[in-house]
Amino acid sequence: MAWSTNLRWRLPLACLLLQVALVILFGFFVRYSPDADAHWGEEKRRRNITSDLENEFYYRYPSFQDVHVMVFVGFGFLMTFLQRYSFSAVGFNFLLAAFGIQWALLMQGWFHFFEDGYILLGVENLINADFCVASVCVAFGALLGKVSPLQLLIMTLFQVTLFSVNEYILLNVLEVKDAGGSMTIHTFGAYFGLTVTRVLYRHNLEQSKEKQSSSYNSDLFAMIGTLFLWMYWPSFNSAVSSHGDSQHRAALNTYCSLAASVLAAVAMSSALNKKGKLDMVHIQNATLAGGVGVGTAAEMMLMPYGSLIVGFICGIVSTLGFVYLTPFLESHLRIQDTCGIHNLHGIPGIIGAIVGAVTAASASPEVYGQEGLVHSFDFQGIKENWSVRTQAKFQIFGLLVSLGMALVGGIIVGFILRLPIWGQASDENCFEDSIYWEVPEEKSTVYIPEDPSLKPSAPSIPLAPLVHLGACLRMDKEEQQTKWASKPNSACRRESEGPSLLPPTPPSCPLTMSLSLSLSLLIGAAALPGTNAHGCR
Amino acid sequence: MAWSTNLRWRLPLACLLLQVALVILFGFFVRYSPDADAHWGEEKRRRNITSDLENEFYYRYPSFQDVHVMVFVGFGFLMTFLQRYSFSAVGFNFLLAAFGIQWALLMQGWFHFFEDGYILLGVENLINADFCVASVCVAFGALLGKVSPLQLLIMTLFQVTLFSVNEYILLNVLEVKDAGGSMTIHTFGAYFGLTVTRVLYRHNLEQSKEKQSSSYNSDLFAMIGTLFLWMYWPSFNSAVSSHGDSQHRAALNTYCSLAASVLAAVAMSSALNKKGKLDMVHIQNATLAGGVGVGTAAEMMLMPYGSLIVGFICGIVSTLGFVYLTPFLESHLRIQDTCGIHNLHGIPGIIGAIVGAVTAASASPEVYGQEGLVHSFDFQGIKENWSVRTQAKFQIFGLLVSLGMALVGGIIVGFILRLPIWGQASDENCFEDSIYWEVPEEKSTVYIPEDPSLKPSAPSIPLAPLVHLGACLRMDKEEQQTKWASKPNSACRRESEGPSLLPPTPPSCPLTMSLSLSLSLLIGAAALPGTNAHGCR
Amino acid sequence: MAWSTNLRWRLPLACLLLQVALVILFGFFVRYSPDADAHWGEEKRRRNITSDLENEFYYRYPSFQDVHVMVFVGFGFLMTFLQRYSFSAVGFNFLLAAFGIQWALLMQGWFHFFEDGYILLGVENLINADFCVASVCVAFGALLGKVSPLQLLIMTLFQVTLFSVNEYILLNVLEVKDAGGSMTIHTFGAYFGLTVTRVLYRHNLEQSKEKQSSSYNSDLFAMIGTLFLWMYWPSFNSAVSSHGDSQHRAALNTYCSLAASVLAAVAMSSALNKKGKLDMVHIQNATLAGGVGVGTAAEMMLMPYGSLIVGFICGIVSTLGFVYLTPFLESHLRIQDTCGIHNLHGIPGIIGAIVGAVTAASASPEVYGQEGLVHSFDFQGIKENWSVRTQAKFQIFGLLVSLGMALVGGIIVGFILRLPIWGQASDENCFEDSIYWEVPEEKSTVYIPEDPSLKPSAPSIPLAPLVHLGACLRMDKEEQQTKWASKPNSACRRESEGPSLLPPTPPSCPLTMSLSLSLSLLIGAAALPGTNAHGCR
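Chains as they are written, first to last, in the working numbering: chain U, 180 to 716; chain V, 180 to 716; chain A, 180 to 716.
Hints were generated in silico from the structure; no laboratory data involved.
Mixed in with the good hints, there may be bad ones.
The list treats identical chains as one, so a pair stands whether inside a single copy or across any two.
Result set (BS3-like, lysine-lysine): computed pairs, CA atoms no more than 27 Å apart in a straight line [as the list claims (entries may be wrong)]:
no., residue 1, residue 2
1, K454, K325
2, K223, K453
3, K562, K572
4, K572, K453
5, K572, K390
6, K223, K562
7, K453, K390
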């Protein structure tokens, strides 16, 4: 795979074309919902509302903002754990989500908010768009480090489309309940992503294996993502539930489930390590499994202890998955799942779907109240004669449809993404920001803060080489490659060309001044005593 | 203290047992509150409510989420300031909080939300559970770096219990007002933690002293914690206040107090430094003291200028505490307070309690209105004949009870934690993540981004050794210890075993190729000219 | 410029005096608004309100918290992108904002919330204060790295004053609509800051040029700021809009505009780079331009596609500005704009003002409804006879007034800040935290985690020098400067003075032990074979 990774024309063109297309489609199709339109005053009278608080905005907006944070900071930072791929993790997630929400507003709008030829936009649309994009972020997790931003845009285009179709089938045809999207978001997103990564299998990915690990700081950045996902997940699962008890209950159940996941993940992480040490991968991911697992049943009368059990099981299963299943999938099924989304979204998503079906099947008028049962499962109109068993059966159909759509869609999209035109990186350059980003040069890590109020009278001799090294390395990359590759010995000359904090080395290189030679040269020099020892001549 | 720190069986067992116990207790005791139950429709009719907005969820949920962020991101990241203990700071905080909130839901539930044999769960319970856990996080601050996760779980178990008892005594027996928990959360948490750390005094802690400092990035991570605590503190102090003016006023007062703390902390930090420089410790902590100090009086008519004065004093006192008191406590009273919680939560907590008592004592019908006075201090039912002086007296009793509970409880729990069975680290291994975590190896910090689209035809000579060093160091720890300790010269052989970005060194080591020797060997080589100069032979 | 940067007396005095003055002014002028006063019960009856939810708190508080996060975390972390100025970025932003909000509560209070001799404080005041301070944060962006905290306090004092006057003229005299503050906040803040930085022009700033770049981690920290600004911008632009549809619509429009900005910024960033690579500066900044550009028109019937167009144009223009305009401004107009605020707030602010005028001019009863038109533009009372064209005309006047105030105010404040008494740094010490902060020493970056449960029996030889270096460098700065500058060879002696994790080197330095010499000495030693090869003698 020696295709060019220079995206100079392809990426801008794709972005601009997509955005122009979105503008045109929005122009034709998107208007404000009555709650956001200047005719709201008339609407209030029509609906006999006296308070502006009844505007959907005040019911949903705080939840929307929490979900928004989950998509952009949560997923974005969760994926920064790779040591040299944090820019891409947070940046590409930003890009695909910003495109995805616009496209989702249209797709979901046509399916769910279409009236008199217009999609009516309100805060609920925004939440749904974030939900849809969350499923793309999930799939991105499997592909992290192996795809170009162009591939991600293409994938988002297709996945949002498929998501919307699948969601429509589940919610409107099968009349499934799926408040937190265990099926529509997590199961669909995970198996879609896994299928795509299977199709895009890279034979020589071990060439970039060492970049597939984390660093101390990248793991901490990832914890920002984890915690915002964890904290706001109750908002996620309750964001579009019915006003009142449903929304309230969905938040409570999710909260309980997540708390149990943490203890389960910690327990398993320690138990599965020879020395009983915790693994950041598990803490970053498996602690969240409870939120996925309780997604479908969150707004049902799952009971707090039921939520704890779900979270507990998901936390255990998820950690086991990271330890045993991910390596197996990679070695036997050729599924390279960078973030382990199968463990965080795949299996817990399926568990969530099943829990939802079981909870629905065991719903009874004693627990819900007759009115509550009808209200919770919408047993009116077309569903008037449904029993809870019918509901449960359709819940399972929903799961199967989601899995089917994910697999078929993933295969198709995977093969599209395999076309050698998307600027994807070669196997040895995976997990490397500098392919798609201008990455700042790191200066010498031995930082010696100078106190500017106290200028040393003489250069501090033993440290000079190190600071020096930093200065030399801070050249821009172009120069570096040409200069250092072709005429390596010129490196230390740099200091007289550019600004430097150090006193310039004189053009002549007497023995006593060679102390301030740059470290890189010095090493070479030291290893060749007698032949080239003074470098800068 | 040469006890094993391998927690492989103890930590998992503790987590699993605690979680199973919680599941069982939840099963017996916890149900949904009417606002979260599917019978909400009937409840609305019963309470004659027409709008779902009157569901407690919409009053409290945004505040709950802010408090939730404070507990998990706020406290978690605030404690990441240590250079090699950030995983533990944020991870153990996550663990203890996730366990603590579940246990707090039960303990506080039995005391405050118990009806007909069931604890009724709603969003207010969640906020209270977060409050309770916040006091454990405070105590954790004193112990940071010196305790095992197992000890933290045990401490959380006991501290949540004691917190709930103390809170019950204060709020329900003494009828104290304590909106933001100056007494129940901060004073109790701080003196409990300080007592525990006193009992756990480590004689040779200076052995790990250098790990007790921060690094540039760890200080920045800590600022994430500081800022989220600072920004959301108005939500904290107002989260469970009465609907309407009390909640509104509590937020305003806290906002003012916090703003004043910042200027006070900056002023003192600069004034107490020889060169007038600011100290990150003060900016990270003392800026928050105003939130603690205004906790009790926040919902009273403290007046905006009163809040400013409280915040101002707390900011000054807190910074002085960091500079003078913390060293004194450590050297004279043997209280090793890692985060300086005495300065952020201890003293400001006491100030807050006193401010609350004074503000209560000076409450008058002119300021509150007759109706407002009754409403603000609940002067009805059992308190019908209370004067504001009675209230003030009981406020002071509340402070004393909190201090007493903290000291007695802290001593008992401290001695329990001293048992040599909890996997605590030895003195020289304190403040070190790698005892309890798999810590990623750091690669060489001199990072030279390669441009993959432009493969150098020849290895760039002077840089090779540095990249090389990185590659060598990226071995996993097991190998490192055995290989490097026993056969140090084998390090550079590593490159032919594992994948490498560099052209493999040939088995023979001619003089001209020795340029690419690894840095570590080179140094040894260079220092022994003639004897061992070519390392890889 | 060899002025002292020691702020020991000046900064504390300034902070304390300002805070005391604020306390006094608050004491005379600030009381609670009816919604936050204990008389709320009577107020409810007076206004015939039955539910506490009608308290302004519940309408505005979630939006307030989002705006609060934008000011403190958003702006604070956005500016951490410089490699050695992150403490100052987040810390000084914290300081100026904490002072600024208090002063803004007074200034804006006198203009907008003054009744019967008192400023009445409520949640809306807090939002407005955050808005005002946001404009100071914008201006800070131009000055970042070049001013002392004292200068920032002085600037905040004046800028908040000018902002309030300008805001009063626009909103109350010219009756301009400016929901998200394209004019009052962004245009004013940007051109004020640019004028100040022009007056403070530093001739030799290239001396600190290399510190003006970012590092990998600092860019990631900056992304935290970017994302929180981006996510919460819909709250920013809608926070003080009228209840109901206006607030709802403002959030929707901003959301759309921001999404389009991301694709535009990515497209232009890639297209303008030779290798098609993305530049973090553009991703961090230009993605936000849509939020600025839609500020004025957000609450109008801009239509979703209109918002997309605005965001799209702003994203493109902003990126172009970073690439072409910022260098031009610096080289030709001597405007040193550290963060490029001209591209993020200046031009998009002007675009926003114009979009607002055009949108107002094209408002019609067909789109708004007769009632909606009156409600949206306040065409009643004094404005009863206004046409939409009048409104548009005054919108443009508003822009011109803002620009004028910014330029005149900026010149005056700039000259005040040029006085040589504020502790500003010399040109070569700009962008350097250690002037105003105690900065932690960085340890050697080659971190070798020791497994404490497995103590090596012998020191691991090839690594020792590196660890050693770390130990040596961890001295505190005072010692370092005196010791290393004057007697460089004593560095390795340090280990026997302080606590060390390594076995102490024996006082004698036999050849076989010289392996453990510190790296710095070694390099010197290696370069001088024969003369000084064994360093530690």
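Each hint, compared with the structure:
Taking the shortest Cα distances, K454 and K325 sit within 27 Å of each other only across copies (19 Å), while inside one copy they are farther apart (32 Å). Taking the closest pair of Cα atoms, K223 and K453 never come within 27 Å of each other, the shortest separation being 65 Å inside a single copy and 56 Å across copies. With identical chains, the CA atoms of K562 and K572 are at most 27 Å apart within one copy only, with a shortest distance of 13 Å there and 57 Å across copies. In this assembly of identical chains, the alpha carbons of K572 and K453 never lie at most 27 Å apart, being 44 Å within a copy and 57 Å across copies at closest.
With identical chains, the CA atoms of K572 and K390 are never at most 27 Å apart, being 46 Å at best within one copy and 58 Å at best between copies. In the homo-oligomer, the alpha carbons of K223 and K562 lie at most 27 Å apart only across protomers (25 Å), although the nearest pairing inside one protomer, at 30 Å, exceeds that limit. Proximity of K453 to K390 under the C-alpha cut-off of 27 Å is found in both arrangements, the shortest distances being 24 Å within a copy and 26 Å between copies.
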